[in-house]
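Trainee: Now for the letters of each chain:
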Amino acid sequence: MPQVCFEDVTAGMALPPLVKGPMSSSHIMRWSSAIENWHRIHYDKEYAVGHDKLPDIMVNGSWKQHVLVQLLTDWAGDGGWLWKCSFQFRGMNVPGETLSAWAKVTAVAGAGEFGLVELEIGLVNDAGTESTPGTATVVLPRRNGPAVPYPFDPAVLGAAAGARG
Amino acid sequence: MNYITDEIRALIGAETGWVDAFDAVEASEVRRFHHATMDPAPRYWDAAAAGRHGGPVAPPAFPVHAFRRAPDGPDPLASIHDPDADGLSRAFRGLPPVEVPLPRLLNGGYRYEFFRYARTGERIQRKSRYLDIRQKDARSGPMVLIDIEDRFRTVAGEPLLNVVTTTILR
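Residue numbers (the working numbering), protein chains in the order written: chain A, 13 to 177; chain B, -3 to 166.
Be careful, since some hints might not be right.
[As the list claims (entries may be wrong)] Keeping only pairs whose Cα atoms sit at most 30 Å apart, straight-line, the calculated BS3-like set for lysine-lysine is: (1) A/Lys96 x A/Lys116; (2) A/Lys65 x A/Lys32; (3) B/Lys132 x A/Lys57; (4) B/Lys123 x A/Lys96; (5) B/Lys132 x A/Lys96; (6) A/Lys96 x A/Lys32; (7) A/Lys65 x B/Lys132; (8) A/Lys32 x A/Lys57; (9) A/Lys116 x A/Lys32.
[Said to hold, decoys possible] Residues from chain A shown here face chain B by an in silico Cβ test under 7 Å; the list is partial: (10) Arg42; (11) Val81; (12) Gln82; (13) Lys96.
None of these hints come from the bench; they were simulated from the model.
Cβ coordinates follow ideal geometry from the N, Cα and C atoms, glycine included.
Work the whole structure out from these sequences, hints included.
Mentor: In structure tokens, the structure reads:
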């Protein structure tokens, strides 16, 4: 994928969504096992429904966050950097749902040799119901400019770093 | 009912020292992680593609999950036959306990700031602090929201990421 540059980005543009699923109990089990998460609402349907009064076992919030991070990291490319992102787990997702991570640019601003892109982000199911709304800040190189230094130090953004720190 | 007593409020600001993850970042652990998130990015497994990062790396927020049970740590499934056991620990990173009589624990969200990937083979350190503990009274009943700030770095002192996690007790 070619490196996206600051000049390519305008407020209002949407990133290509990242789609996962349909999700299954096996996907949830694989994630819970990978991170050793033993919360019963992720694998014990009798407990989830009978004890916690949930509709089914739950897709882990901890998994959903990495899908959002993947969307933004892929878009930023190796020459850019996902600096900040935040999100809240406002809704539940269950097996059978296909989940789409989305992002929309809300603002762009130059920052020294680089560009700052502010985004709204989230994760919707097949019905379009939002479960994980949030925001993110991505640092991009300028066309014909240097890659964002790695490891990333906000000081390279000059005054813009302090304004968003 | 007010759960934010003077004793609970006094916990705000409590912090741990720097704590080492028990194991260094392992290639197999990273592989299972990116398999489970269905993220095939070569930087996680292909040294040639990860040249900018000094070798294969773990996904950006991997360190949040890198602090696993120590070999001689208590078994989280020891009480799983208790019908009310949820399988979760209330030991918040070794911070002092937040003793409020609310049985359910939920993940409320995260606020991340990223600086660098953790490389395979590196050992990660974490330092944690209670940033805020507050109560919200929702239609479904009272909730206590606990914001914990975690800072992650390598043992060489290079910053990896900062994250604030909101945990909900209800």
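Trainee: Hints first: check each against the structure and report whether it holds.
Mentor: Structure-based check of each hint:
no.: 1; hint: A/Lys96 x A/Lys116; verdict: 15 Å, holds
no.: 2; hint: A/Lys65 x A/Lys32; verdict: 26 Å, holds
no.: 3; hint: B/Lys132 x A/Lys57; verdict: 29 Å, holds
no.: 4; hint: B/Lys123 x A/Lys96; verdict: 19 Å, holds
no.: 5; hint: B/Lys132 x A/Lys96; verdict: 26 Å, holds
no.: 6; hint: A/Lys96 x A/Lys32; verdict: 23 Å, holds
no.: 7; hint: A/Lys65 x B/Lys132; verdict: 21 Å, holds
no.: 8; hint: A/Lys32 x A/Lys57; verdict: 22 Å, holds
no.: 9; hint: A/Lys116 x A/Lys32; verdict: 18 Å, holds
no.: 10; hint: Arg42; verdict: 5 Å, holds
no.: 11; hint: Val81; verdict: 5 Å, holds
no.: 12; hint: Gln82; verdict: 5 Å, holds
no.: 13; hint: Lys96; verdict: 5 Å, holds
When held up to the earlier numbered hints, the structure conflicts with none and fits them all.
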